[in-house]
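Going down the list, the protein sequences come from chains F and G.
If you read the first sequence in the UniProt record's numbering, its first letter stands for residue 1, the second for the next number, and so on.
If you read the second sequence in the UniProt record's numbering, its first letter stands for residue 1, the second for the next number, and so on.
Heads up, some of the hints might be wrong.
Claimed, not checked - For lysine to any residue, the following SDA-like pairs were computed, each having C-alpha atoms within a straight-line distance of at most 25 Å:
| id | chain 1 | residue 1 | chain 2 | residue 2 |
| --- | --- | --- | --- | --- |
| 1 | F | K46 | F | G81 |
| 2 | F | K209 | G | K239 |
| 3 | G | K209 | F | L5 |
| 4 | F | K209 | G | L5 |
| 5 | F | K209 | G | E25 |
| 6 | G | K187 | F | A210 |
| 7 | G | K187 | G | G148 |
| 8 | F | K239 | F | Q250 |
| 9 | F | K46 | F | D66 |
| 10 | F | K209 | G | S185 |
| 11 | F | K46 | F | E122 |
| 12 | G | K46 | G | I65 |
| 13 | F | K209 | G | E213 |
| 14 | F | K76 | G | E213 |
| 15 | G | K239 | F | L101 |
| 16 | F | K209 | F | L5 |
| 17 | F | K187 | G | I208 |
| 18 | G | K209 | F | M1 |
| 19 | F | K187 | G | A210 |
| 20 | F | K239 | G | T408 |
| 21 | F | K239 | G | N410 |
| 22 | F | K46 | F | L5 |
| 23 | F | K239 | G | G42 |
| 24 | G | K239 | F | D66 |
| 25 | F | K209 | G | I208 |
| 26 | G | K46 | G | L31 |
| 27 | F | K209 | G | V45 |
| 28 | G | K76 | G | E25 |
| 29 | F | K239 | G | L107 |
| 30 | F | K239 | G | G415 |
| 31 | G | K209 | F | T9 |
| 32 | G | K239 | G | I267 |
| 33 | G | K187 | F | S206 |
Quick caveat, the hints were computed from the structure, so don't treat them as lab data.
Since the structure is predicted, the reported quantities are computational estimates derived from the model, not experimental observations.
Number of protein chains: 2
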Amino acid sequence: MSTVLQQATDARVASIDLAAATRAEKDRALLLMATRLEESTGDIVKANEIDVRNGRAASLSDAMIDRLTLTPARIKAMADGLRELAALPDPVGDVVRGSTLANGLELRQVRVPFGVVGIVYEGRPNVTADAAGICLKSGNAVLLRGSGSALSSNAAIVAVLREAVADTGLPADTIQLLDATTRDSVKELMRARGLVDVLIPRGGASLIKAVVEESTVPVIETGVGNCHVYVDEAADLEKALAVVLNSKTQRLSVCNTAESLLVHSEIADRFLPLVLAELGDAGVTVHGDARVSSYGDSVVPATEEDWATEYLSADISVGVVDSLDDALDHIRRYGTGHTEAIISESLAATRRFAARVDAAAVMINASTRFTDGSEFGFGAEIGISTQKLHARGPMGLPELTSTKYIVTGNGHTRG
Amino acid sequence: MSTVLQQATDARVASIDLAAATRAEKDRALLLMATRLEESTGDIVKANEIDVRNGRAASLSDAMIDRLTLTPARIKAMADGLRELAALPDPVGDVVRGSTLANGLELRQVRVPFGVVGIVYEGRPNVTADAAGICLKSGNAVLLRGSGSALSSNAAIVAVLREAVADTGLPADTIQLLDATTRDSVKELMRARGLVDVLIPRGGASLIKAVVEESTVPVIETGVGNCHVYVDEAADLEKALAVVLNSKTQRLSVCNTAESLLVHSEIADRFLPLVLAELGDAGVTVHGDARVSSYGDSVVPATEEDWATEYLSADISVGVVDSLDDALDHIRRYGTGHTEAIISESLAATRRFAARVDAAAVMINASTRFTDGSEFGFGAEIGISTQKLHARGPMGLPELTSTKYIVTGNGHTRG
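Only chain F is shown next, with the shape it has when bound in the complex:
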């Protein structure tokens, strides 16, 4: 048996006891995990230095090195994240639906953990503690397949977390790290149907596409966001300016950042000069259609590819549309079903947009940046689902559970 399959089997066994653990037992483990992370700051920083050194040798960009680097403050933030999880309610055991049937059978649908969750992620090592904590709180064993660049950091973090879990009496195999030195571990994880219940890829579009195509384990697709802001003819231009700027520039490299702006032709004359100036001042390059180009010298002509691109950089595609329905058509063609915003004071326009746009989140007179578990008040987030099955939008603890029907009778038989 391959190492991954052995680890998945061990996770499956651990998941049986973990699924039956009480909230108190799980919270105790989360709090000890937090304490031990802080106590191990020196060891974790030392392990991280190896990754940082290797990263520099491999010529990672300064931004990448920054994301990779763990400081005592960042380790404290990881610990605090685990403590916040302990304070959140336990979704397991929630009664989703219940009734007594006509024949006296008592029907209850209750939340239960998935069992074993696989997470494939890139980049920052703090995701390791976050993901382990969210899975533990929701009663799931987790198989973590992190980035090869964070090998040594992740190993140090997981060793600390496993020991803490075991010391509170829960199975250490609740949290396991998969080999990140080879692509084979991802491949084996994707084929571990029956052992792994759900696979969540967190990362760039190519990782997510590969997992979706090859996995026989059910997948929750996350995160690719080609988000639009549509400024309607009935928009309040001040609100429109604020929302466009915030949606594009508040943080450039994340999935809920706006990548495209559509402006109704009726207000193009008034709005485009303003927004092009402000985007320019903010250092954003505008890739515009022919009509947009006529409003600014610095507009780069947009290609077909621009409309479909999630830039994750200081770029935005901008087009003029002749109606709300044209905007909807454009979004249907190029959107990725993440977040779409409309700026309008017209109730009819906002209702039509909200009803007809096919996305996880629709923002009405609000920044696309609000699509986020902590902004929505969920307290913890494992990712933002852009698929329609199971979970759509920010996924908190309940989204990491399934349900089970428990039906109680007194010798009932079907007639």
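Since chain F is already given, all that's left is putting chain G on it; use the hints.
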């Protein structure tokens, strides 16, 4: 473009208007579909006669021919099913969750249709009207890929339904039939990611396995049931007898029928002679382990394969276990996560079983046959999910929907 991809594209376009249709519009379509089916009884029966004739020529069994045959009474039952759907509440637009965030943003999570649903099914042509109706009521366009044996019947039914839909002003392409003369249409459907939102295979284990392995469209797995009844040492033997007999014999060929019986060793002496006699009287062949064999001459020795088999016939595997945990281990090894039953008067035993068994439905002192949408009071059922993602157990109308967050602000930006 292949025919299937063209049909999927047409379905996608139709789904936009259908998703925005009101309950009144959808119910009007369902009621006209029902009326037109009844009015077309003669044509449908004539089309069905072609399938029946071809079936006989292909030497289908009498049972298969019976399942294939449409009579005026069966067509009326299909029409009545559509009328019942019209009477059910519309899941679309239900507010699943809602709150006002600290910054004043109004958050609502509302149910929306998936968009386009693909259904691959075998056997009876009445599934065609059922599935079309359930999808329409839940606001989904549907691509139906029925059995090659029901080609002519399905074509006649779908022609009637499409005309009725169009006559009420909804898009006819809401309901489309895929080519059932070739396996290629199933393959194309499985790869139509982006056009088809969900694929539901309904049929035997081999169909479901093929779809799960090959589909890049998200799949809801249905229906394979190797269901167990565990008779605990604290069982009421009268209830146990009634439930075992009902679970096994009330209907042999369906997924919620019990295929395996586990008896606690402490009560084997008292219970096995009774249950073996009654199963024998009911014409059921018992495949037993060594301990079971000592209680009856007619017991066939159970092989390893027996424990894993969903017989769908007058056969049952029977084993003796020394504890509740041994029963749980056995079920974990051989169960398919459909329905598992315990017969016991012990609260501790039933709680432990319900908490630890990993299945869509757990029956406590009740027949496995109760895992069924209509028995659960859902009014309509598209299948029984045995996966953990999205839906688990009987799937009614809400299970055919996704959700969308609608967030309303007044120019809100993120700080």
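Unmet hints by their number, sorted upward, for this structure = As far as the earlier hints go, 2, 5, 14, 22, 23, 24 and 27 are violated by this structure, in ascending order.
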